[in-house]
Amino acid sequence: MIMRTILIVDDEPRIRLVVRGALHEDDTRILEAATGHDAITRAQAERPDLVILDLGLPDMTGLAVCERLRDTTGAPILVLSARHSEDEKALLLDHGADDYVTKPFSTVELQARVRALLRRASGLVAPDGDARIVADELEIDLTSHAVSIGGSRVHLTPIEWQLLRTLATNAGRTLTHRQLFAAAWPGRTYGDAQHYLRVHMTHLRRKIEREPARPRHVVTELGVGYRFVP
Amino acid sequence: MTARQTVSTIRRRVASSPPLLVWLLVLAAAVAILLPFRGLLEESHVALLLLLVTLGGSAAAGRTVGWSLAVMSFLALNWFFLPPFHTFVVADPLDWLVLVVFLITSAVAAQLLYVAQEEARVARARAAEVDRLRIVGAEALNAGRAEDALATVARVIREVARADRCDVLPSAARTPPAGSGSAGTALDDGTEPDDELARWVVESGNAAMERSGGFVHLTAARPAQSDLESLASGDVLALLLPLSVRERVVGVLRLRASEGLRLDAERWRFVDALSYYAALGVERVRLVAAEEHAEALRETDRLKDALLASVSHDLRTPLTTIKARAHELRVHGDERAEVIEQEADRLNRFVANLLDLSRLNARVLPVTLELNAVDELVELVVQRVEGALSGRPLLVRLAPDGELLFGRFDLAHSVRIVVNLVENSHKYSPPTTPIEIAAGRTAEGVVVEVADRGTGLDEDEVERVFEPFYRGPGAPQREGTGLGLSIAKRLAEAQGGALRYAPRPGGGSVFALTLPAVPSSGAMPSF
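Listed in order, the protein sequences are those of chains A and B.
Number 17 in the working numbering belongs to position 17 of the first sequence; there are no gaps in the numbering.
Number 476 in the working numbering belongs to position 476 of the second sequence; there are no gaps in the numbering.
Bear in mind the hints are in silico, worked out from the structure with no lab data behind them.
Heads up, the beta-carbon is just placed ideally off N, CA and C, and yes, glycines get one too.
Check the hints yourself; a few may be wrong.
Claimed, not checked - In silico EDC-like pairs for lysine to aspartate or glutamate, Cα to Cα no more than 16 Å straight-line: (1) A:K103 x A:E221; (2) A:K103 x A:E209; (3) A:K103 x B:E341; (4) A:K207 x B:E341.
Said to hold, decoys possible - So the derived list for chain A, only partly shown, Cβ under 8 Å to chain B, looks like this: (5) K103; (6) G151; (7) S152; (8) L156.
Just need the whole structure built from these sequences, with the hints factored in.
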């Protein structure tokens, strides 16, 4: 059995307890840190497989902790955020964090996010090179750039294709507006490009979703970006 | 008595006697000196010397003395120096010419001198007035406190008008609330704030006067010509003028003199000009007080907001713990724990609502207006409400003809508004009937409507439904805070949109959120 190590960074002991309770498994070793400095030290020493990072630590900003962690470990970072720190959430995702849950979160949601991050980190999800991605009736052929819904071909513009490809190859993970923009318009300055991104995403989802108000494949994460549901 | 004392006594007497008498003596002296030599002198020489005396009198003592001297010189010239002497008979017709020319010349000269002197006097008075206004202006502007400036203006007006008292009464409606300053402070030795006449002046915007016989209500903001005459004559005991700034009456200027006001045209003009300073002074006091009041309110709001932010942050951690523990209990088979989870969520929403309401009130709620797709708005609403509807049908229609709708709005705020509308519909309509969300476009912008088949609102409710803490009569006791719709409406307006209610044809309610639209062409990327 492979042991997995998860580092929980939160200054609130009760939250650490709750997270520990939710993630407790026989094959999981759980470490705790109460400050940003402590977190960085432990991450260097223990090489965790996943870091759960609360925003609003007493000694460092979330962004600073995130960047320092990225320097020392390749482990995915899951951010715990409060409702009123949406901008900070997106900022962290742009600077190395992998996903987030908003407080108060449900245990089920936390477990699902952790599982998805660990699975992706261990390489169980199809990497970029895989030729086909299939999600229900949606089929994406990465080699021929062909997209079809229930067997019938869908015509995408080059930008729509880039967006869908980027999302689908990062299935389950929330991509920020900035990350998607960089993928679809390489070399361009971001600026207020969220607007363009929204327009193209709307067109894309009208083409690939049977019911755009209840999207099955590409869902919006308010204030952050979009996520492909495998 | 020495000679010097005698001279100085004479000088004093001369100085104190009427100027006409003095100048007649001078004329008599001149005549007396010339008389012995009248055989040697031509009448024109005499006339010139007498003219000199006349001009001297005019210059020193004014027009009346000048003209009197002219006439007296004319008579003296005729009597003493034109043959036949000691009669007013003139033998030589040419002498008549001398006499007439002499009279005209001296009269005209006296008049010209008078005019010149009068102009100089008026100019000096003007200069003094301007100087005084300059000083009032400077003092009023330099006074540290607005009240001091106003007191300075009142003092100057009192001095200029030679009144016993000058009060500047700020109008009650303009007086800031008590405790936020002392703008209502009476000036000089106090005022009666309930002065009936002053109130009338504020209300009517017209001036008023008080005579010994009673009050006189005037028909304009400033006294008419006929009233000015009585102001100058001294039978007006008090004058009340409305003080206006940008056509609003901000107060009353009241001048009082127990002996009667004596405002001649010039003084009146000056008082009138100064009254504008008084009006500006009152306005300044009001603005300073209003600013202090607003600053105090802002400070209170900041404190309230900081408190709420801190409370809501502090509540979130225990809520997370409670929710997680309740979830564990439910997973282990305790159905009662579900209620704990739901209540934790509700408490969380309540805290968030309170925080937002306080931010809306303090106008510090950040609003990010940017291009957004209505598709995304509706999607996020469905994401959030579908779970809570427990299987109840939610019909969604994006746009009538597949059109893509874009608007300029704050996505997060708009999602909250529509989520709130759907939750309300869920609460107030029969659980088997569907709730409908429909997006569309009107001339005003893009619209998202939430419609249900509930009982709708009666007329009284339509008025009150958007008020904070209003809860519908059918509201389940344990749910809701009564804040949702009031926040929703304020959030809509903060984005330049609107939230409206309309009865639904066939029964039920339609709440419509209108947001500023962006034309599809404007929404298309340029690259």
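The hints, checked one at a time:
1. A:K103 x A:E221: At roughly 15 Å apart (the allowed maximum being 16 Å), A:E221 and A:K103 satisfy the hint.
2. A:K103 x A:E209: violated, 30 Å
3. A:K103 x B:E341: Status holds; Cα separation ~13 Å.
4. A:K207 x B:E341: violated, 38 Å
5. K103: holds, 5 Å
6. G151: At about 22 Å, which exceeds the 8 Å cut-off, the nearest Cβ of chain B leaves the hint on A:G151 violated.
7. S152: With Cβ-Cβ at 18 Å, over 8 Å, it is violated.
8. L156: violated, 15 Å
Hint compliance for this structure: hints 2, 4, 6, 7 and 8 are not met, and every other hint is.
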